[in-house]
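Enquirer: The lines below spell out each chain.
There are 2 protein chains.
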Amino acid sequence: MMQQRQELYVKKIKDGTVIDHITPGFALDVLRILGINGKSGEVVSTAINVESRHLHHKDIVKIQDRELKPGEVDKIALIAPNATINIIRNFEVASKKVVELPSTIRGIITCDNPSCVSNSREPVEPDFAVDGREPIRLRCHYCGHVMEREDILKQF
Amino acid sequence: MMQQRQELYVKKIKDGTVIDHITPGFALDVLRILGINGKSGEVVSTAINVESRHLHHKDIVKIQDRELKPGEVDKIALIAPNATINIIRNFEVASKKVVELPSTIRGIITCDNPSCVSNSREPVEPDFAVDGREPIRLRCHYCGHVMEREDILKQF
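So the protein lines, in turn, are chains A and B.
Residue numbers for the first sequence follow my numbering, beginning at 1 and rising by one.
Residue numbers for the second sequence follow my numbering, beginning at 1 and rising by one.
Check before you lean on any hint, since a few could be wrong.
[What the hints assert, rightly or not] The calculated EDC-like cross-link candidates involving lysine to aspartate or glutamate, where the alpha carbons are at most 20 Å apart (straight line), are:
{"no.": "1", "chain 1": "B", "residue 1": "Lys39", "chain 2": "A", "residue 2": "Asp20"}
{"no.": "2", "chain 1": "B", "residue 1": "Lys39", "chain 2": "B", "residue 2": "Glu67"}
{"no.": "3", "chain 1": "A", "residue 1": "Lys14", "chain 2": "A", "residue 2": "Glu67"}
{"no.": "4", "chain 1": "A", "residue 1": "Lys12", "chain 2": "B", "residue 2": "Glu7"}
{"no.": "5", "chain 1": "B", "residue 1": "Lys97", "chain 2": "B", "residue 2": "Asp65"}
{"no.": "6", "chain 1": "A", "residue 1": "Lys97", "chain 2": "A", "residue 2": "Glu134"}
{"no.": "7", "chain 1": "B", "residue 1": "Lys39", "chain 2": "A", "residue 2": "Asp151"}
{"no.": "8", "chain 1": "A", "residue 1": "Lys39", "chain 2": "A", "residue 2": "Glu67"}
{"no.": "9", "chain 1": "A", "residue 1": "Lys12", "chain 2": "B", "residue 2": "Glu51"}
{"no.": "10", "chain 1": "A", "residue 1": "Lys39", "chain 2": "B", "residue 2": "Asp20"}
{"no.": "11", "chain 1": "A", "residue 1": "Lys96", "chain 2": "A", "residue 2": "Glu72"}
{"no.": "12", "chain 1": "B", "residue 1": "Lys11", "chain 2": "A", "residue 2": "Asp20"}
{"no.": "13", "chain 1": "B", "residue 1": "Lys12", "chain 2": "A", "residue 2": "Glu51"}
{"no.": "14", "chain 1": "B", "residue 1": "Lys39", "chain 2": "A", "residue 2": "Glu51"}
{"no.": "15", "chain 1": "A", "residue 1": "Lys11", "chain 2": "A", "residue 2": "Glu67"}
[Stated by the list, open to error] Partner residues are not named here, just some residues of chain B that face chain A (Cβ under 7 Å, in silico):
{"no.": "16", "residue": "Glu7"}
{"no.": "17", "residue": "Tyr9"}
{"no.": "18", "residue": "Val10"}
{"no.": "19", "residue": "Leu28"}
{"no.": "20", "residue": "Asn37"}
{"no.": "21", "residue": "Gly38"}
{"no.": "22", "residue": "Lys39"}
{"no.": "23", "residue": "Ser45"}
{"no.": "24", "residue": "Ala47"}
[Claimed, not checked] Computed far set for chain B versus chain A, every beta-carbon distance over 12 Å:
{"no.": "25", "residue": "Pro70"}
{"no.": "26", "residue": "Glu134"}
{"no.": "27", "residue": "Arg139"}
The set of hints was computed from the structure by calculation and includes no laboratory data.
Virtual Cβ for every residue (Gly too), placed ideally from N, Cα, C.
The task is simple: from the sequences and hints, build the whole structure.
Expert: This is how it looks when you write it as structure tokens:
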């Protein structure tokens with residue numbers, strides 16, 4: 001049993017990205033945000049709802065031979081605000097960062113309210129205040145409309 | 001390096017189901033067929049596009065504390081005709097079977113042709129001949145309409 005406990009949930013990768021401490025149950029949403037459905041041949045492994053020392057449960061995603069771009073990390077922060085992103089090179093952690101949810105969100109998602117000025121022809125950039133962190137709750141700067149996690153996921 | 005090669009892609013499970021030798025890139029479709037999106041707390045791990053001894057590449061899905069029903073296995077056969085289903089009990093393989101794609105498919109999917117008699121109010125059960133195995137190609141017994149893998153996946 002000791003051996004089982006110490007074993008990794010998913011195998012180490014040589015080069016790529018490990019996204020750890022994802023909100024439990026949201027690994028498949030992270031894959032969707034990253035445009036990964038398996039059909040482009042990406043080597044990916046995931047663990048969903050596994051035990052974690054820090055949280056009760058967590059999800060993990062390991063993507064071989066791909067390093068995430070800042071815009072991708074920002075989207076992941078919206079649904080998994082405690083995630084850590086580890087860039088792996090030659091089996092070593094080359095960089096490690098905790099995703100950061102800023103106090104305002106601009107330009108990543110659009111307001112769900114069709115009559116919001118940010119959805120008119122005016123050149124107005126969508127702008128939300130972060131009202132809640134986990135689960136996420138965004139309030140539109142222009143019309144006050146509140147967007148929750150499920151609303152945000154629909155845009156990815 | 002030897003150690004890396006021998007390591008499992010995803011950790012062993014104590015009880016549940018291991019679906020191995022899934023057509024590479026189709027693990028997430030298998031999860032969708034099984035209604036798994038992570039939100040019900042199921043403990044699941046997947047490996048996508050990993051190396052295989054038998055095929056060039058394959059996907060693997062391990063689901064803790066769940067044994068698949070025959071209807072679920074039939075659906076998986078349609079998109080992953082080489083998959084093996086291992087039922088695990090107390091870390092041991094309690095039963096192992098290769099999915100089987102029969103020569104006719106009845107009652108799992110419906111014909112895409114809206115004017116097919118199987119879509120009328122008549123009590124006619126959808127019935128397809130298996131014209132191709134991998135990728136799957138089904139031909140409707142009634143109207144001759146051909147359904148390919150993408151068409152089938154849309155119904156799951």
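Enquirer: Mind checking the alpha carbons of Lys12 (chain A) and Glu7 (chain B) for me, to see if they're no more than 20 Å apart?
Expert: holds (9 Å)
Enquirer: For the pair supplied as a hint, Lys14 (chain A) and Glu67 (chain A), is the alpha-carbon distance within the 20 Å limit?
Expert: holds (12 Å)
Enquirer: Need the status of pair Lys96 (chain A), Glu72 (chain A): alpha-carbon distance at most 20 Å?
Expert: holds (15 Å)
Enquirer: Hint Asn37 (chain B) vs chain A: min CB-CB distance below 7 Å?
Expert: Interface hint status for Asn37 (chain B): holds (6 Å vs cutoff 7 Å).
Enquirer: Close enough to count: is the Cβ of Leu28 (chain B) nearer than 7 Å to one in chain A?
Expert: Cβ of Leu28 (chain B) sits 5 Å from chain A, so the hint holds.
Enquirer: Would the non-interface assignment of Pro70 (chain B) survive a Cβ cutoff of 12 Å against chain A?
Expert: It holds; Pro70 (chain B) is separated from chain A by about 25 Å at its closest Cβ, greater than 12 Å.
Enquirer: If you draw a straight line from the CA of Lys39 (chain B) to the CA of Asp151 (chain A), is it 20 Å or shorter?
Expert: holds (16 Å)
Enquirer: With a cut-off of 20 Å on the C-alpha distance, tell me whether Lys39 (chain B) and Glu67 (chain B) pass.
Expert: holds (18 Å)
Enquirer: Under the criterion that the straight-line Cα-Cα distance not exceed 20 Å, is the pair Lys39 (chain B), Asp20 (chain A) satisfied?
Expert: holds (17 Å)
Enquirer: Taking the shortest Cβ-to-Cβ distance between Arg139 (chain B) and chain A, state whether it exceeds 12 Å.
Expert: holds (24 Å)
Enquirer: For Lys12 (chain B) and Glu51 (chain A), compute the direct alpha-carbon distance and say whether it is at most 20 Å.
Expert: Since the Cα atoms of Lys12 (chain B) and Glu51 (chain A) sit roughly 14 Å apart, the hinted pair holds (cutoff 20 Å).
Enquirer: Just to be careful: measuring from the Cβ of Glu7 (chain B) to every Cβ in chain A, is the smallest value less than 7 Å?
Expert: holds (5 Å)
Of the numbered hints listed earlier, not one is contradicted by the structure.
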